[in-house]
Every structure is written in structure tokens, then in C-alpha cells.
Amino acid sequence: MQQPPTIESPRPATSYTRIDEMGTPYLLGSRCGECAAVFLGVRENCGRCCARRRMQPLRLAVRGRLYSYTIVYRSYPGIRVPFISAIVDLEEGGTIKGNLVEIEPNPDKLAYGMPVRVVFRGAESALGEEAAGYVAHFFVPDGDRS
Amino acid sequence: MTDVYVVGIDMIRFGRYPERAVVDLASEAALLALDDCGIGIKDIQALYSGNIGETMTGQRTLQLIGQTGIPVVNCTNACATGATAFREGWMAIKAGIHDTVLCIGVEKMAPGMIVKKKVGNEPLPAEGLIGSETMPAVFATVGLEHSRKFGTTLEQFAKVSVKNHHHSIFNPKSMYRKETPLAEVLSAEMIAYPNTKLMCSVNVDGAAAAVLMSDRKARERGLTRRAVRVRASGLASDAWSERNQVMQDVNTVSRQAARTAYEMAGAGPEDLDLVELHDCFATAEILHYENLGLCAEGEGGRLIDSGETSLGGRIPVNVSGGLLSKGHPLGATGIANIYEIVTHLRGEAGERQVQGARLGLTHVVGLGSACAVHILERV
Chain A
108 MQQPPTIESP RPATSYTRID EMGTPYLLGS RCGECAAVFL GVRENCGRCC ARRRMQPLRL
168 AVRGRLYSYT IVYRSYPGIR VPFISAIVDL EEGGTIKGNL VEIEPNPDKL AYGMPVRVVF
228 RGAESALGEE AAGYVAHFFV PDGDRS
Chain B
31 MTDVYVVGID MIRFGRYPER AVVDLASEAA LLALDDCGIG IKDIQALYSG NIGETMTGQR
91 TLQLIGQTGI PVVNCTNACA TGATAFREGW MAIKAGIHDT VLCIGVEKMA PGMIVKKKVG
151 NEPLPAEGLI GSETMPAVFA TVGLEHSRKF GTTLEQFAKV SVKNHHHSIF NPKSMYRKET
211 PLAEVLSAEM IAYPNTKLMC SVNVDGAAAA VLMSDRKARE RGLTRRAVRV RASGLASDAW
271 SERNQVMQDV NTVSRQAART AYEMAGAGPE DLDLVELHDC FATAEILHYE NLGLCAEGEG
331 GRLIDSGETS LGGRIPVNVS GGLLSKGHPL GATGIANIYE IVTHLRGEAG ERQVQGARLG
391 LTHVVGLGSA CAVHILERV
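First to last, the protein sequences are chains A and B.
Per this note's numbering, the first sequence starts with residue 108, numbered consecutively.
Per this note's numbering, the second sequence starts with residue 31, numbered consecutively.
One or more hints might be untrue.
Stated by the list, open to error - Cross-link-like lysine-lysine pairs, in silico, DSS-like; alpha carbons within 30 angstroms at most:
(1) B:K227 x B:K147
(2) B:K72 x B:K247
(3) B:K227 x B:K146
(4) B:K179 x A:K216
(5) B:K227 x A:K216
(6) B:K247 x B:K124
Quick caveat, the hints were computed from the structure, so don't treat them as lab data.
Can you build the whole structure from these sequences, using the hints too?
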């Protein structure tokens, strides 16, 4: 009798990557119930206003804007270069770091404040086969949204 | 509270010493500092040792130069390690616990890129997947933040490197002593845009040490002539800031330490004759001009263009050659920059002497973060 193929669900590449019941990955943050500061990942206490146990989980937005970046030409041994390391401010709060892809790594092609979107892909697309089985966030350009 | 004086201070020439151990470098610097003020290890009441790469470095140094049984404190605080050890010694004298202490900063570095140790419980290494965490990338990203806000150009960042390499020609203790014209800096291998290889500090081996004394002890021992007063010591950690969790913020922490130091000194940036600041990357120096109040917010690019931070200018910055050319042995840097300022305040800096220097400032930032600022005064 033929066994149905088993599909292993991908594992999150970071401590703040989650996969919801529909199988959709997202980034988990937390917002302080006291001062509204947003943090990446889960935490109990607020580093900004020092409030204790007032943190609420927050599903981070997928739309954001490029705040700052660098184009990395030399990295740790074995890491593929060049790539764009981007800092993105998310709509509805929070700032995250990741690779900006699907755009030429060239300062002339990048604009501060340009709209980007968070997408989830296999980590092997950045790190090669050794990272297969993990899902990570990336940024892609998101048109002319103004 | 007593005033605290630097009575003896020295550093070994920064470079590569593959045949020598960390503690060999530390003991050489310690003995040089003791000889600089003509006292011996038996006169030292406590040792504050700054080193990142090894453990119990202070005790192992004393095993080579005199095991007197004194208290030893080993400090680590990223690139602010040496300055933190210095500050611990300063506090012990301020508190009246000791009147003569030794502070050492030492490091041996592998050449090339620093590979960060994995911390926390992340499933995968972040580099190349979640952007970049290399030091050149971190400081490139904060440099471009400055460009975004104020229009700072690649050329302005690169000029920092031209200036500091030029200064190092006059410093016999610098790792490199070679001019790097603007075209050469710009055309060097791009490491992390906008930082080219010549805009990155050099990972080298080094050690520096200082002997601190109370006011009374320095007078008692007849050491006041070349003594330099520690007018202020400011240390800060990273206060919360908006993007700090994913983008290192060297500005907030530097401003806080500078504010503490200026208040303690009862002096401001306009009173300074020279500054040694943390130019771990060329981009960083422009930011710190503003963080230390050497110019107004957003004017950092124009300040480097003006030439005012060059030797002979209004406020010379990094006349030692800075981390960019003199080299950056992490734990040693925070005492080596104090050595540079003290040497100028004593009028002993030779060809690179800042004429008539009376008040100088040192600044180091360790990522994570820690910032130490010291203000030193000729008396």
C-alpha cells in the first residue's frame, strides 16, 4: 500500500518568526500596554518605560518603508555577497532588519523611505542548502505606494 | 573628594606580535607606565585590567611582573573595556579606598573581519540571512542614516580616513604610518557601502597602561610636574531608543556619556583643545562630532570639509591616527587614547603636538552598548 507523502512544515528561522494555523508565516512582536513601545519577539517587561508584565503580543505588519541599509560586499566566510542589509520601519509599529531582495544592490537604485513588503521564503535562498527547511523573512520592493 | 591624576602612562606600538602572549604585552605596557613615573609594582595598591579575549588577565599579568597580592578586577565592556578599567581605578581613588592604582588595557586580535560569537537562542546564524551583523555593516548602516537625515556624502566619510591616516605619519606608535589620498580611500575594496577597506579600523595587537594617584600622593612623591588631572569620567549604557533592537545606536549612548562628563568637568566642547574619539569606521567619526558637541546637529559632514578637525585646525580629532590607522586592539583602545591626550597635555607629542593643549577628551563606544568619555586637564 502506498504511503501518503509526508510534508514537513518549515521551521522558523528566527525566535520571532511564527507560523499561524493557516500555515502562513508572520513576525511576532510585543507592544507595551503602558507606553506602546514595540519590540521584536516575546518579552515580559518594557525596556523603554520599565513597566512589568504589561506586554501584549502583536502580529507585525508586512508593509513598511526602507529606513537605512548597507550593501555588504564582504561578510563572514561562506556568505554569498553582495546583498542588501536593510532596516525597515513597519506600518503599525516596529523596526526589523533583513535582506532586501529583487532589486539591484546599487545605491542608485535604493531610496530612503521606499515602500517594501515582508515576504517569507526558504532560508536556503540566502544561506544555501545547509539552511534548507527553515523559513525566514525578506523584503521586496512594494511599488510606488505613497 | 580628592582629585585624581594620571602620573604614569604608556603604550606599546600597536602591531602584530604573533610570538607574544596577551600577558606579555600587558606586562610590557604596565612596566612602561610604572617607569614613566618612576615607581614600582610594589607601590601599586590595586590593578584594574581590561581585556576581552581571555580571562583573569590581570592576575596572570602580575604573575609576570610581581605577585604582591593586591586586589585585581578584570573588566570587559566591549570596545569601552580599557576605559572602563581606567574608570574603575579612578573611582577607587575618588572613593578614598586607594591612592595609587594601575589600569591596563590589552588585546590580541586576529587580522581581518571580527566574527561575532553567537548569542541567545536563535535557530540559525543571522549573518547573510537577517541582513548583516558585521561591524563594517553596522557602522555603514548608521552612516547612511546620517546621509539620509543630513545629506552626508561618501566623500565626506572618506575624508575622515584621509585625515586620520595623515595624522598617523607623525605617530611612532601607530600600526600604519602611510598617507591615503582621497582617491585611494574611495577606490579601495568596498566592504560595506559606504565603508571601503581603508575606512575600517585595523585589528591589531596592543597594550596600554596608566598609573593613577590621588592629589596628596602625587604631591608627596613629587610627581605633579607631568601629572594630568582626570577632570571627568562619564560612562553610559544604551538607553532605549526607537530602532536600537535591530540597528545599533551609538549616538544616544555617546551623548549621554558626553553630557555626564561635560557636567562633571564644568566645561563644554568649546573648551577642548583636542579629542580622541572612536573612529572604528570612518562613518562613525562624523556621527561623533555631533554626539560630542564639536559641531551642531547635522554639521558633521561640513566639519570634516572645513579641515577644523585636522592637526593645526580649531579642534584636532584623532591626531594619533585614530583606530583607522593607529589600530584598534579592543581592550587596549580605551587607555591608548588617554595616553595620546596625556602626551599632548604634557607637551611631549613631538611632531604631532597640538600646541598649547590644556584640555582634551577621549571617547570610546562598545557595541551592546557602553560609552566612556574622559576629560583630562593639564595643571
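Results for each hint:
1. B:K227 x B:K147: Holds, at about 22 angstroms.
2. B:K72 x B:K247: 15 angstroms, holds
3. B:K227 x B:K146: 19 angstroms, holds
4. B:K179 x A:K216: Status holds; Cα separation ~18 angstroms.
5. B:K227 x A:K216: Since the Cα atoms of B:K227 and A:K216 sit roughly 23 angstroms apart, the hinted pair holds (cutoff 30 angstroms).
6. B:K247 x B:K124: OK: B:K247 and B:K124 at ~13 angstroms, within 30 angstroms.
Of the numbered hints listed earlier, not one is contradicted by the structure.
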